[in-house]
Amino acid sequence: MQIDIDHIARLARVALSPEEKELFARQLSSILEFAANLQKVETNDIPPTAHAIPMKNVLRDDQAVPCENVEAILANAPDEASHMFRVPKILE
Amino acid sequence: MNNKTAHELHTLLTEKKISSVELTTAVLARIDQVEEKVKAFVTLTKDEALKQARAADERLKSGENITPLTGIPIAVKDNMCTQGLRTTCSSNILANYLPPYDATVVTKLKAAGAVIIGKTNLDEFAMGSSTENSAFHPTHNPWDVKTVPGGSSGGSAAAVAASEAILATGSDTGGSIRQPASFCGVVGLKPTYGRVSRYGLVAFASSLDQIGPLTKDVTDAAIMMNLLAGHDPKDSTSVDLPVPDYRQALVGDVKNVRIGVIKELMGTGIEPEVKDAIKAAVNKLAELGAKITEVSLPSFEYAVATYYLIAPAEASSNLARYDGVKFGLRTKGDKDLITMYSNTRQAGFGPEVKRRIMLGTYALSAGYYDAYYLKALKVRTVIKRDFEKAFKDCDVLLSPTAPTVAFKLGAKTADPLSMYLSDIATIPVNLAGLPALSLPCGFAGNLPIGLQVIGQAFKEEALFRVSFAYEQNTEWHKKTAAL
Chain A
1 MQIDIDHIAR
11 LARVALSPEE
21 KELFARQLSS
31 ILEFAANLQK
41 VETNDIPPTA
51 HAIPMKNVLR
61 DDQAVPCENV
71 EAILANAPDE
81 ASHMFRVPKI
91 LE
Chain B
93 MNNKTAHELH
103 TLLTEKKISS
113 VELTTAVLAR
123 IDQVEEKVKA
133 FVTLTKDEAL
143 KQARAADERL
153 KSGENITPLT
163 GIPIAVKDNM
173 CTQGLRTTCS
183 SNILANYLPP
193 YDATVVTKLK
203 AAGAVIIGKT
213 NLDEFAMGSS
223 TENSAFHPTH
233 NPWDVKTVPG
243 GSSGGSAAAV
253 AASEAILATG
263 SDTGGSIRQP
273 ASFCGVVGLK
283 PTYGRVSRYG
293 LVAFASSLDQ
303 IGPLTKDVTD
313 AAIMMNLLAG
323 HDPKDSTSVD
333 LPVPDYRQAL
343 VGDVKNVRIG
353 VIKELMGTGI
363 EPEVKDAIKA
373 AVNKLAELGA
383 KITEVSLPSF
393 EYAVATYYLI
403 APAEASSNLA
413 RYDGVKFGLR
423 TKGDKDLITM
433 YSNTRQAGFG
443 PEVKRRIMLG
453 TYALSAGYYD
463 AYYLKALKVR
473 TVIKRDFEKA
483 FKDCDVLLSP
493 TAPTVAFKLG
503 AKTADPLSMY
513 LSDIATIPVN
523 LAGLPALSLP
533 CGFAGNLPIG
543 LQVIGQAFKE
553 EALFRVSFAY
563 EQNTEWHKKT
573 AAL
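Taken in sequence, the protein lines are chains A and B. Heads up, the first sequence stops at 92 in our numbering, and the numbers go up one at a time, no gaps. Heads up, the second sequence stops at 575 in our numbering, and the numbers go up one at a time, no gaps.
Keep in mind that the hints were calculated from the coordinates and are not lab data. Computed from a predicted structure; not experimentally measured. Hints are not guaranteed to be accurate.
Over the 12 Å line for every Cβ pair with chain A, so calculated as not near, a few chain B residues [to be verified]:
id: 1; residue: P325
id: 2; residue: T436
id: 3; residue: A482
Straight-line Cα separation of at most 20 Å, DMTMM-like style, residue types lysine to aspartate or glutamate; simulated pairs [claimed, not checked]:
id: 4; chain 1: B; residue 1: K424; chain 2: A; residue 2: D61
id: 5; chain 1: A; residue 1: K56; chain 2: B; residue 2: D327
id: 6; chain 1: B; residue 1: K326; chain 2: A; residue 2: E80
id: 7; chain 1: A; residue 1: K89; chain 2: B; residue 2: D426
What the simulated footprint calls covered on chain B by chain A, stretch by stretch (three residues with Cβ under 8 Å from a Cβ of chain A suffice, anywhere in the stretch; the number is not a length) [to be verified]:
id: 8; stretch: 157-171
id: 9; stretch: 216-230
id: 10; stretch: 332-340
id: 11; stretch: 537-544
Even glycine gets a Cβ: it sits at the ideal position worked out from N, Cα and C.
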């Protein structure tokens with residue numbers, strides 16, 4: 001099975017070295033070949049299960065509550081200024 | 093005294109025969125003695141643990157608000173948030189992360205007066221079956237330090253087996269509590285999906301993840317579940333059902349309990365010594381009055397493939413948050429945002445995490461979604477229905493927890509698929525959201541074998557009943573690893 005590893009890595013936002021590309025392309029191919037076994041299972045009238053236990057929407061009142069640990073949260077940020085997260089430029 | 097169970101120690105603590113400070117000191121001394129060989133912990137919190145032990149002793153002295161966990165040293169898997177205490181998921185991308193809040197299970201442990209002694213090692217982001225995928229160091233099995241402790245909760249299982257902790261928390265997405273429990277000769281329970289709050293558990297695959305206990309015996313697992321189970325408004329998937337007193341299920345009797353032995357997990361691919369131990373356990377339960385039948389769940393053949401599409405798909409989405417912006421690692425000097433994301437993720441994630449993110453991305457990508465992800469969700473339904481059918485005539489199902497005993501370090505790291513197959517017996521349970529418990533049922537050489545008991549959703553009591561009766565009529569749980 002051929003995988004466009006550059007395309008997948010780009011979608012996943014992971015840079016890969018040439019060695020990683022070679023290794024992952026080979027390993028993902030063999031895992032996907034194994035996964036292709038699922039095609040043997042007849043599922044025409046079978047609905048998909050995303051959650052094994054029945055789930056329902058959980059709603060709460062739309063009420064603003066104070067955030068009391070802003071400093072502890074921002075202390076984890078790689079780059080922060082004026083209570084905001086700073087990132088490299090996003091526009092040319 | 094660190095060899096004892098929590099319920100034995102609780103008696104000693106309340107009778108004032110020992111103090112929590114003495115107990116905690118004994119556990120810390122044991123860690124000093126053996127941790128170099130086991131390497132179960134990522135972070136130790138000696139000073140804070142002694143502070144918590146002193147507070148527990150005050151509580152015990154006052155005689156008020158004492159719980160079965162008050163003063164008991166516990167280890168917490170390092171994918172559960174602890175406020176102000178490094179929570180790494182054994183990943184370089186979170187190596188310096190200080191959570192601004194506690195996971196709900198941690199809040200509950202602290203409120204109960206448990207003494208948190210440290211954070212345990214795991215496969216990075218709980219992705220793995222040997223704890224070799226930790227970015228920091230592998231953990232070693234206390235029964236034979238040349239073998240793996242299983243994974244991903246290998247640090248927690250090894251810590252309990254080595255008496256470096258009395259109890260531990262684990263999380264289980266495809267077997268990550270039960271398989272290490274099996275390899276390390278301890279008890280491990282994956283509760284029903286939704287039984288325990290996942291708030292503050294770093295997400296891997298959200299429709300499969302569940303937190304549970306790793307303990308020295310079945311009674312301790314029931315005690316921990318009494319505390320951990322219950323609805324949490326902070327986790328919308330936690331279920332609002334009353335929590336029974338699980339200790340009531342520890343009656344020591346299995347008369348007329350209907351037990352199904354899973355045919356597909358007693359055939360090829362299961363080591364002969366493991367199979368023999370399970371057969372002997374089944375005979376013991378029959379002797380105790382249980383009604384044994386063989387059941388067939390033909391879809392199990394497809395469970396591993398189903399899981400390795402669904403879990404990576406969910407992981408690829410959950411791990412999108414590690415982008416170098418709000419917390420965690422960021423690579424320096426990248427000129428634009430996308431390059432920063434990609435380089436940060438390359439530097440921060442290990443090979444197994446990258447493999448699963450890409451596998452999941454592939455399964456969800458345009459042109460492949462129906463053939464892989466949607467197909468897997470449909471086969472998941474088939475597996476769930478096979479369980480429902482089996483439970484029409486059975487109260488619990490039995491199988492080996494793992495097809496083998498602990499394997500040598502490095503034996504499976506080169507071939508991801510062979511590693512994935514070590515979860516063949518545990519994965520179907522997560523796909524169906526069911527509870528299952530692993531307990532010791534024998535040895536191959538000096539390495540423990542685990543018996544898996546699977547129950548119906550929200551009927552953990554049946555697991556406790558069968559496991560406790562078996563345990564009380566065997567001696568396996570009394571054996572300890574000679575380190």
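20 Å limit on alpha-carbon distance, applied to hinted pair A/K89 and B/D426: holds (10 Å)
A/K56 paired with B/D327 [C-alpha distance capped at 20 Å]: holds (12 Å)
Assertion that chain A covers the stretch 332-340 of chain B - criterion: three or more residues, beta-carbon distance below 8 Å: As far as the stretch 332-340 of chain B goes, the hint is violated, because 0 residues have Cβ atoms under 8 Å from chain A.
Least C-beta distance between B/T436 and chain A, which was stated to exceed 12 Å: Incorrect as stated: the minimum Cβ-Cβ distance to chain A is 9 Å, not above 12 Å.
Pair hint outcome, B/K424 versus A/D61 [Cα-Cα no greater than 20 Å]: violated (42 Å)
Coverage assertion for the stretch 537-544 of chain B with respect to chain A, Cβ distance below 8 Å, three residues required: As far as the stretch 537-544 of chain B goes, the hint is violated, because 0 residues have Cβ atoms under 8 Å from chain A.
Non-interface label on B/P325, tested against every C-beta of chain A at 12 Å: Violated: least Cβ distance 8 Å, not greater than 12 Å.
Hinted pair B/K326 and A/E80, Cα distance within 20 Å: violated (28 Å)
Given as non-interface: B/A482, which should sit over 12 Å from chain A by C-beta: holds (15 Å)
Claimed coverage, the stretch 157-171 of chain B by chain A - three or more beta carbons nearer than 8 Å: That given contact is violated, which follows from only 0 residues of the stretch 157-171 of chain B lying within Cβ reach (below 8 Å) of chain A.
Coverage assertion for the stretch 216-230 of chain B with respect to chain A, Cβ distance below 8 Å, three residues required: violated (count 0)
Hint check: violations occur at hints 1, 2, 4, 6, 8, 9, 10, 11; the rest are consistent with the structure.
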